[in-house]
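Take a look at the letters that make up each chain.
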Amino acid sequence: MSQIIRHGVTRRWSDAVVNQGVAYFVEVPDNPEADAATQFHQVLSQIDARLQQLGGDRTRLLQVLIYLPEAGDLAAFNEIWDAWVPEGHAPSRACVHAPLAAAGYRVELVITAAV
Amino acid sequence: MSQIIRHGVTRRWSDAVVNQGVAYFVEVPDNPEADAATQFHQVLSQIDARLQQLGGDRTRLLQVLIYLPEAGDLAAFNEIWDAWVPEGHAPSRACVHAPLAAAGYRVELVITAAV
Amino acid sequence: MSQIIRHGVTRRWSDAVVNQGVAYFVEVPDNPEADAATQFHQVLSQIDARLQQLGGDRTRLLQVLIYLPEAGDLAAFNEIWDAWVPEGHAPSRACVHAPLAAAGYRVELVITAAV
Chain A
6 MSQIIRHGVT
16 RRWSDAVVNQ
26 GVAYFVEVPD
36 NPEADAATQF
46 HQVLSQIDAR
56 LQQLGGDRTR
66 LLQVLIYLPE
76 AGDLAAFNEI
86 WDAWVPEGHA
96 PSRACVHAPL
106 AAAGYRVELV
116 ITAAV
Chain B
6 MSQIIRHGVT
16 RRWSDAVVNQ
26 GVAYFVEVPD
36 NPEADAATQF
46 HQVLSQIDAR
56 LQQLGGDRTR
66 LLQVLIYLPE
76 AGDLAAFNEI
86 WDAWVPEGHA
96 PSRACVHAPL
106 AAAGYRVELV
116 ITAAV
Chain C
6 MSQIIRHGVT
16 RRWSDAVVNQ
26 GVAYFVEVPD
36 NPEADAATQF
46 HQVLSQIDAR
56 LQQLGGDRTR
66 LLQVLIYLPE
76 AGDLAAFNEI
86 WDAWVPEGHA
96 PSRACVHAPL
106 AAAGYRVELV
116 ITAAV
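Chains as they are written, first to last, in the working numbering: chain A, 6 to 120; chain B, 6 to 120; chain C, 6 to 120.
Think of the hints as simulated: they come from the structure by calculation, not from any bench. All residues carry an ideal CB built from backbone N, CA and C; glycine is no exception. Incorrect hints may appear among the rest.
To be verified - Computed far set for chain C versus chain B, every beta-carbon distance over 10 Å: (1) SER19; (2) ASP20; (3) ASN36; (4) THR43; (5) GLN51; (6) GLY61; (7) GLU84; (8) PRO91; (9) GLU92; (10) HIS94; (11) ALA106; (12) GLU113.
What the hints assert, rightly or not - Covered by chain C, according to a simulated footprint, are these stretches of chain B (three or more residues, beta-carbon under 8 Å): (13) 31 to 44; (14) 99 to 112.
Stated by the list, open to error - Facing chain B, according to a computed beta carbon distance under 8 Å, are these residues of chain A, among others: (15) GLY26; (16) LEU59; (17) PRO74; (18) GLY77.
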């Protein structure tokens, strides 16, 4: 069977899982006590770091599911997102507003990337 | 690294992203002011058009995540969905009720297909 | 084009879809009238059975999206989940709280696995 490589494995989840050149990972901001804009910058920086760890970069995103618990955060998120996405390399993207499992987080991103 | 082909690239998202024979795309109805049933027919027609653009058709769906903001729309959506899915080729499917990022839309579909 | 293998095909969905060594499936507990803990054990056992059917096992999970409609269920779910996940093989994982399409269900899991 195909090889599965796991990064940052804990009892509950792995930080990233790679199989057949596709990486699956989920990011929440490191600091859930920061304000929304800081959290949005943070989580996108974390994606950069994760992709670098996996041998890719932000031009390699395939799909991003955005969970944004507060609907009023959408405009601020989009502004930071638009500045971060490399021109010509935007992923497929969906966004819903739903409460997250972990308190305080203003965003959770489910990412599929080619690495 | 594997090739990534993007269709309909904007600053914020791509309409569809293809990598290693797998297509990732998200559809909302073209007209968020239409009634629910019209939106449901519309979004499924858009999937047909997208799959045709990508060299596939509705027998090639792997997984569909359904975001249906109004729980009361489920029966109407299912009736239209059931008539649309080709017999013997139904995808894996999940459905949750959560508010969408964009106002007025009665459905958003996150699609994975083999093309 | 690549081969798509579907298991448990109904008019509305397939129980599992396999393409290029990746399995896509969605599980809700068999008995939505059971208490939450019973439902959580049930749905994880169903994943075991599904993976076995597909020629894999619980070490082959890539990503799991957890829809948990009642936020208060998280601790109980995590306890059962942590005991079930094989050490060193945890998948990527995201969790949101949103109402499910089907009444009574305390959890719905969207699974991607390498088989």
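Results of checking the hints against the structure:
The claim that SER19/C is not at the interface with chain B is violated, since a C-beta of that chain comes within 10 Å of its own (minimum 5 Å). With a least beta-carbon separation of about 8 Å from chain B, ASP20/C fails to lie farther than 10 Å from that chain, contradicting its non-interface assignment. In this structure ASN36/C is separated from chain B by more than 10 Å, as the shortest Cβ-Cβ distance comes to about 19 Å. Chain B leaves THR43/C outside its interface by the beta-carbon criterion, the shortest separation being 21 Å against a cut-off of 10 Å.
Under the 10 Å C-beta cut-off, the non-interface status given to GLN51/C relative to chain B holds; the minimum distance is some 14 Å. The Cβ of GLY61/C lies farther than 10 Å from every Cβ of chain B, with a closest approach of about 15 Å, so its non-interface assignment holds. With a minimum CB-CB distance of about 23 Å to chain B, GLU84/C clears the 10 Å threshold, and the non-interface call stands. Against chain B, the non-interface label of PRO91/C holds: every CB pair exceeds 10 Å, the least being about 23 Å.
Its beta-carbon lying about 28 Å from the closest one in chain B, GLU92/C satisfies the requirement of being farther than 10 Å from that chain. For HIS94/C, the shortest C-beta to C-beta distance to chain B comes to about 22 Å, beyond the 10 Å cut-off, and the non-interface label holds. The claim that ALA106/C is not at the interface with chain B is violated, since a C-beta of that chain comes within 10 Å of its own (minimum 4 Å). The Cβ of GLU113/C sits about 6 Å from the closest Cβ of chain B, inside the 10 Å cut-off, so the non-interface label is violated.
With 0 residues having a Cβ less than 8 Å from any Cβ of chain C, the stretch 31 to 44 of chain B misses the three-residue criterion, and the hint is violated. Requiring three or more residues with a Cβ within less than 8 Å of a Cβ of chain C, the coverage given for the stretch 99 to 112 of chain B holds, as 5 such residues are present. Among the interface hints, the one on GLY26/A holds; its C-beta lies about 5 Å from the nearest C-beta in chain B, closer than the 8 Å criterion. With its C-beta approaching chain B no nearer than about 11 Å, LEU59/A sits outside the 8 Å limit, and its interface hint is violated.
Checking PRO74/A against chain B: minimum C-beta separation of about 10 Å lies over 8 Å; hint violated. Interface restraint check: GLY77/A against chain B, minimum CB-CB distance 11 Å, threshold 8 Å, status violated.
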